[in-house]
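Mind assembling these two chains? They're in different frames, but the hints should get you there.
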Amino acid sequence: MNKPLYLTLRPVGSVELFFSALLLFSFSVTASAETIHEERSKYRDIAVTQNGDRRCLLFNVHRGDRNQTCLYVSEPDRLVFDYTKMSFAGLLLKPAPEKILIIGLGGGSLPLTFNDLFPDAQIDTIEIDDAVVRVAKQFFFFEENENMKVYVDDGRPFIKRASIRKQKYDYIVLDAFSGDYIPEHMLTQEFLEEVKSIMTDDGVLVANTFSTSRLYDHESVTYQRVFGEFYNFRLPTSGNRIIIAQLGELPSQNELIAVAEQLKARMVKYGVSLDEYPRRLSTRVDWDMSRRVLTDQYSPGNLLREN
Amino acid sequence: MTKSKENSNSLASEKSLPQTLVVCMAFVSGFTIMTVEMLGARILAPYFGGSLSVWGSIITIFMLALATGYLIGGRLSTRSPSPALYGGFFIGAGLTLLPILLFSDAVMEPVFLRIEDPRYGSLFASIFLFFIPTSILGMISPYSVRLMVKTQQQSGHVAGLLFFVSTVGSAVGTLGTSFYFVLWLEVNQILWGAVGALVVAGGIILTVNSLVNRRGSSADE
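As given, the protein sequences belong to chains A and B, one line each in that order. For the record, in the first sequence the residue sitting at position 242 is 242 according to our numbering, with numbers rising by one throughout. For the record, in the second sequence the residue sitting at position 120 is 120 according to our numbering, with numbers rising by one throughout.
Isolated chain B, as found in the complex (with noise of 0.2 Å):
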């Protein structure tokens, strides 16, 4: 940790967000993912049942979609990391849900008339409804470790600490949605709330990217 001083401008190139702000949001990424996975079961159950396939179904799509993001997180990571960029992801993340909210009936209608297997019903609508908004979430992970680490011996600390929290994040947004959200609010609104927290922490990593940029280069002078 003290040599970590001398080599900490050689890997972040550009003034970095605070690390409590990139674990935080790592928490925020978690909860929405398991929230919306929850919901997943919910929103598909009135085209394709409530059988264990459909369950598979989703879980298959969310699992690729996150796959996906996370190679295409990685590989935007590697040039120079851009907390703007970070930003962007929980902004598009919170916007590619809105079709689940708006349009899920338009999408799952059309699936539920051509296929009449409910398994193969179910995968089709879920890549159509979930696969986008969950490979940007999926984004976040590796992009957030590419910011948080300064020195290479701290790699596998810092990649070790943003997986806990963003899992822990899932853990608590699984149970909080199958617990009680659904318990008190409408699925609706608990998708409006996970579109909320997304595009509010997009919002709040940009305001402080800008705030620090500015300090940085006053302080530079």
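With the rest of the complex left out, here is chain A (with noise of 0.2 Å):
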């Protein structure tokens, strides 16, 4: 594959002549991220460059879409993307997780940072791929242990279940969100109450969800119709959007600051400036709230995303 294609094409006319050109120039302007790995899964195709020390997990490149994860192979902690950094902004308000479900494994760094920072931890992550399972594994350094687990599971029956069993967890991120294609069916107020249904009386929900498109507004009507009044965590730098939510009554600006500043030497190891975040959190109500609820009766996601 690496061979250099145009060599192969025979210059016999302007049109062939044109295309060697055109091969040559995109060999040139990727040149310098190789793909090391990729294979067509159930879901999507799933591609693994690197790019010097930066290597990438990406998911239908031939689209477009962009990096899933990221890491620096020399320094493996260092988190890359604000949407995995973010997804930490809800120690501020459980400080100390001891269960933690994961929706969406992609590279693995969300459930390796935990194990790392609270090795006593139980971290359950559901992966609907097998396929981005053994991705993980073989390129971005995850492993499971005892007390760190993978489940190949669709996140809805998943957390069903859970809930049927009485299951508790105290920490939970929602990031089944990334890619081309939202799971509609984890959209709507009828997950979101099963998901309420395992949460402790403490526990903290974290869900990476779309900052732009009409989307935005039927989400935030959603987590708001279930959850009440929720923080909404948004970076300068990133387009992502957090949902943090709990149960009971949110935490006060300066309670969040407090805590950010016991955690806050823990979390530089990883890239996380954790006290830049209690500021960024907001309550206020910037959404059309006339939008309508997502429910498993009504929730066109990935229609809503096009406009």
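Because the hints were derived from the structure by calculation, they are not lab data. What you are looking at is a predicted structure, and each value in this text was computed from that prediction instead of being measured. C-beta atoms are modelled at their ideal positions from N, C-alpha and C, and glycine is treated no differently. Keep in mind that a hint or two might mislead.
[Said to hold, decoys possible] Here's a subset of chain B near chain A, in silico, CB distances under 8 Å, partners left out: (1) 45; (2) 182; (3) 186; (4) 187.
[Claimed, not checked] Simulated restraints on C-beta separations: (5) B:176 - A:45: 24 to 32 Å; (6) B:75 - A:302: 40 to 48 Å; (7) A:211 - B:189: 28 to 36 Å; (8) A:239 - B:196: 41 to 49 Å; (9) A:248 - B:167: 35 to 43 Å; (10) B:208 - A:41: 50 to 58 Å; (11) A:138 - B:88: 57 to 65 Å; (12) A:197 - B:176: 29 to 37 Å; (13) A:211 - B:74: 54 to 62 Å; (14) A:202 - B:116: 46 to 54 Å; (15) B:180 - A:41: 24 to 32 Å.
Structure, rendered in structure tokens:
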């Protein structure tokens, strides 16, 4: 694959010359990032690229999707993407989680970081695509251990079953929303009610959601219906919006700052500037409240993204 | 085509329905089959997720139900095809869709609790929810062929036309449901639409049939 393809083209006509020039050009553009693994799974095309020290996991490259996860091979602890870092803002509300649930594995940087921070906490990660689990293990240093397990399953039935078994989690991260396609059954009021039923009283829910398009309004209205007031967390450097919700009253700004002060030193090595987060957490309603709540009956998530 | 006139009464034993009506009804049946199938994934997702295997279950059960329907519908049509029974298929399919609307949770929950593997869970839930209405819808196709065919030479042409129309109906039902209906309406509202369309279609068939028979018998005298 790495052999330069343009050499195999016979320069017969000007059309072919044009295409070989085009090929040359595209090669020089992408030459710096080398694809070290490619596979087509049940759900998507998966690629792993390496650019110097930086290794990335990409889904559906051909449709131009962005990176799912990146890491620096020489310092795998350091988190690369803002949305991954932002997922730790829930620590401001739940500083020492003991049972963590993560929906969506990606490269595994979220569970790995949680395991590093809280070695005694039980961490369950749900990933629908077994190929992603394999790639995370092979290329992104992800490993299961006594306390950290991955289940290949759809997030919705996993949570429904956990609810029936009366299992509880005190830190839940919903991160199944990345990539091109949104699982519509995990945007609905009924789903969030199920999530709510497996949260401990002082537990926290951190959801990585879309911050653009009509879906922003619909999602906000739906979360509000289920959880009441929640924290909306955005960084100027990131296109993501993180929703942070709790069963009870949200803590005050000062309480958040106090927790951030205590924890910030431990978060430095991951590249998480926790002390900058409290002032970015807002309860201000900046969405159209007249939008329809998403339910199992009405959830055209992917159609709403278009507008 | 010219020869057909002489033989026209040899195959059709009763006063027959207008051909355009049968063709229109083929569209309705194709349309509703795919509308329900597209909604199937939506209905199952809260219990069994949105994995590829859930789609696999739905498509498998729809295919098996249609296959069964084709077989039974063909058998039923052999002796004397009755337009009244034909109308009954539509009404029956509409009524057997009602459990999806009214009791889908009651059907899926016990399956979900007993079967951990979402592949088999979704397969069994699909059987209970979709098999009967879809197989009744499947009976319509061979039966319509029988109602429309007057001569042997026509049979391929008639079958081709009916498959064409019902498959175009399926395409429109698929596109309409996945692109637009789910954006405008709730799942159950769309299903009520399908039930309504089938029952009204059956009602039209029965009405037209009784009109044709009445006129036929008065003309005979």
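Taking 24 to 32 Å as the stated bounds, is the beta-carbon spacing between residue 180 of chain B and residue 41 of chain A within them? Given about 30 Å between the Cβ atoms, the range holds.
A range of 40 to 48 Å was offered for this pair. Does it hold for the Cβ distance of residue 75 of chain B and residue 302 of chain A? Given about 42 Å between the Cβ atoms, the range holds.
Taking the Cβ atom of residue 211 of chain A and the Cβ atom of residue 189 of chain B, is their distance within the range 28 to 36 Å? holds, 30 Å
Cβ separation of residue 211 of chain A and residue 74 of chain B, checked against the hinted range 54 to 62 Å: holds, 56 Å
Is the distance from the Cβ of residue 208 of chain B to the Cβ of residue 41 of chain A consistent with 50 to 58 Å? holds, 53 Å
Taking 8 Å as the limit, does the beta-carbon of residue 182 of chain B come near enough to a beta-carbon in chain A? Where the cut-off is 8 Å and the nearest Cβ of chain A is about 5 Å from residue 182 of chain B, the hint holds.
Range first: 35 to 43 Å. Now tell me if the beta carbons of residue 248 of chain A and residue 167 of chain B are that far apart. Once the Cβ atoms are compared, 56 Å apart, the range 35 to 43 Å for residue 167 of chain B and residue 248 of chain A is violated.
With a cut-off of 8 Å, does the beta carbon of residue 45 of chain B approach a beta carbon of chain A closely enough for the hint to hold? This interface hint holds because 4 Å falls under the 8 Å limit.
Chain A contact restraint on residue 187 of chain B - CB to CB distance below 8 Å: holds, 5 Å
29 to 37 Å was suggested as the range; check whether the CB atoms of residue 197 of chain A and residue 176 of chain B agree with it. Between residue 197 of chain A and residue 176 of chain B, where Cβ atoms are some 36 Å apart, the hint holds.
Can the suggested window of 46 to 54 Å be confirmed for the beta-carbon pair residue 202 of chain A and residue 116 of chain B? violated, 30 Å
Next item in the hint list is residue 186 of chain B. Is there a CB on chain A closer than 8 Å to its CB? holds, 4 Å
In terms of the numbered hints stated before, the structure departs from hints 9 and 14, listed from lowest to highest.
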